[in-house]
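Residue numbers (our numbering), protein chains in the order written: chain A, 1 to 362; chain B, 1001 to 1291.
What the hints contain is simulated information worked out from the structure, not anything from laboratory work.
For every residue, glycine included, the Cβ atom is placed at its ideal position computed from N, Cα and C.
You may find that some hints are simply not true.
Listing some non-contacts, in silico: residues in chain B with all C-beta distances to chain A over 12 Å [as the list claims (entries may be wrong)]: (1) ILE1093; (2) PHE1105; (3) ALA1152; (4) LYS1162; (5) LEU1223; (6) ILE1234.
Simulated pairs of lysine-lysine, DSSO-like, Cα-Cα distance not exceeding 30 Å [said to hold, decoys possible]: (7) A:LYS248 with A:LYS7; (8) A:LYS89 with A:LYS248; (9) B:LYS1278 with B:LYS1165; (10) A:LYS248 with B:LYS1165; (11) B:LYS1123 with B:LYS1032; (12) B:LYS1123 with A:LYS248; (13) A:LYS327 with A:LYS248; (14) B:LYS1119 with B:LYS1214; (15) B:LYS1119 with A:LYS327.
Heads up, incomplete: computed chain A residues facing chain B, CB under 8 Å, no partners named [as the list claims (entries may be wrong)]: (16) LEU122; (17) LEU124; (18) ILE139; (19) TYR217; (20) LEU220; (21) LEU221; (22) MET322.
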Amino acid sequence: MLKKQSKRRRRDVASLVTLAVVLVVYLVMQQLINAGIINAFLRGIINLACINVVAAVSLNMVTGLLGQLVLGHAGFMLVGAYASALFTKSVGWDLSLSLFPSLLIGGLVAAVTGLLVAIPALRLRGDYLAIITLGFGEIIRVFAYNLPFTGGPGGLSGIGTLTSRTNPAGMFNYLFPIAAFVIFFSYTFGTSRSGRAVLAIREDEIAAESSGINTTYYKLLAFVLSAFFVGIAGGMYAHQIGIIAPGKFDFNRSVEILMMVVLGGMGSITGAVISATALTALPELLRSLGKVISNIPVLADILGNFEQYRMLLYSILLICVMLFRPKGLLGRAEIRILPIYDRWRNWRHNKKAAAGKGGGAT
Amino acid sequence: MYYVTQILNGLGSGSIYALVALGYSMVYGVVKLINFAHGDIIMVGGYTIFVLLGMNAPLWLAVAGSIGFCAVAGVVIERVAYHRLLNNDAPRIALLITAIGVSIFLQNLAQLIFGTNQKPIPKMFTLPAIRVGGMNVSNTLLNIVVALLMMAGLQLLVNTTKIGKAMRATSEDAGAATLMGINTNSVILFTFAVGSALAAVGAVLYSNTYMQIKPMMGGMLGLKAFVAAVFGGIGSIPGAMLGALILGLAESLSVVLGQSAWMDAVVFALLILILLFKPAGLLGQHMKEKV
């Protein structure tokens, strides 16, 4: 028989393995970027993927954990992006010094905006909540167009970035660890006391309330946390791209973030991470594939102009996922280390047993 | 006089919102679905007119063709995208996401076929000029009259005909309606067809008023019409009309005050205010949520 391990020990092992895997991936990618094996094109995709992962995981906190549809996430991302960019532009410190505080400020300003939106909005739920957040998202964008310090429709440009010829992994060194931390935080939040309260509200708000859960508080908490992290994603985006404009944070952007959450499975963090990465990389990779196979005219044309077809494909995907797999690809399941570890132990155990019998077993 | 023409303008654009809002309100009333794609049906109607007029079809054919095509499009959308979910009692969030998917699909399909740029629509109706303060308001009056007629017709349809009764029954309790021998599936299809046909009438008025169409025109228009429907009380036909007219007035008011840059914000601020203080809308009935 397989030796039983204590639950705590198994959890510790799993956490350590996960940490080790993340560290190894980080260090290997960092070295590959520094060595130039990952070129500027791939580097851009990886950095954007980190940003989108943060955005998707943050939306998952409300849409997955709380079970409410929010259509104005681009608005909070815009607030975070502008706050963070205005901070680094105005203090004039070296960016390696000011980037981290600027991201925090972006997140905090977005969280405060989220709180202001949430207090009235969370009195509603379901369809109405979706529409009212959409309304707030549009209002935020109108503000960005018209306020004196946001640069109007042209937005802000000349935002500093850490990536340079001498330091190609400059932004990556910040973006990857932040993304990893947000995933970690989101996971621990989901399993914490507060997180379970939020889950209870998702399952049945009235039952949760009658069990003594302060539903208003926990709904606000999930909403504000979500706005905070998507604000950070906005700050990351501003400093990765260098230019921000209100038009970049429109309804389509909200849908794109929603798409990442829905496709992976509402409530699944690993699902959100995988689909955010895939949806960031896919358009770019398909476009470069179109350049490679330029001798096949029609296909190359479609792939080469993929940007035109991207939203069309997204919409078809969105409809198909909802029709045939309404819980998303992973549903609420997570990809975990432990089951893989168990399978490996079983496999090793069986192999040992087989060896003990002198290879008699087939 | 400037103010009078601005008020008329507001009522004119409000009438277009009203035609879309009526469809929103009706579909929501029957299947409790915010049909996000409804605004884009207007765009479909607009492009149908554009194509038909481009083929030198007579005006009446272009108008009728657009209305027919939109009704069919509405039915197809219901069958392909919503039917399965409605029948399986899928979570509301899934329905809403599907509706958003349909909306984006229509917008991008139109963009692929007709290009991103706006298309001009030739002059459609030649009406005798009615001048108010030096401005010809005959088109605006046409919008208002058509919208009022449509609202009255819809009110009659829902309140006096047999299918209207079936619609009200389905809206009240779809399960019980089925038990009473009402074919709720065909009622839902009929609702989508009528709603989309109304949107097509809106498309005719829109093309006649603004004389240009573009693939993304349905997005904001649909949203504002939805706001209007919620404002007036979703599910209520006169409410949708009233909400849309108030919305149109609020927009033209922000233009009068020289704040046209904030127009969209004003619309959504109205939505937020009404949802906070009278969630059922101006003329809507407040329904208690069942436990």
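Right, here's what the structure says about each hint:
no.	hint	in the structure
1	ILE1093	violated, 5 Å
2	PHE1105	violated, 4 Å
3	ALA1152	holds, 28 Å
4	LYS1162	holds, 30 Å
5	LEU1223	violated, 7 Å
6	ILE1234	violated, 9 Å
7	A:LYS248 with A:LYS7	violated, 47 Å
8	A:LYS89 with A:LYS248	holds, 20 Å
9	B:LYS1278 with B:LYS1165	holds, 28 Å
10	A:LYS248 with B:LYS1165	violated, 47 Å
11	B:LYS1123 with B:LYS1032	violated, 38 Å
12	B:LYS1123 with A:LYS248	violated, 35 Å
13	A:LYS327 with A:LYS248	holds, 29 Å
14	B:LYS1119 with B:LYS1214	holds, 6 Å
15	B:LYS1119 with A:LYS327	violated, 40 Å
16	LEU122	violated, 11 Å
17	LEU124	holds, 6 Å
18	ILE139	holds, 5 Å
19	TYR217	violated, 19 Å
20	LEU220	violated, 16 Å
21	LEU221	violated, 20 Å
22	MET322	holds, 4 Å
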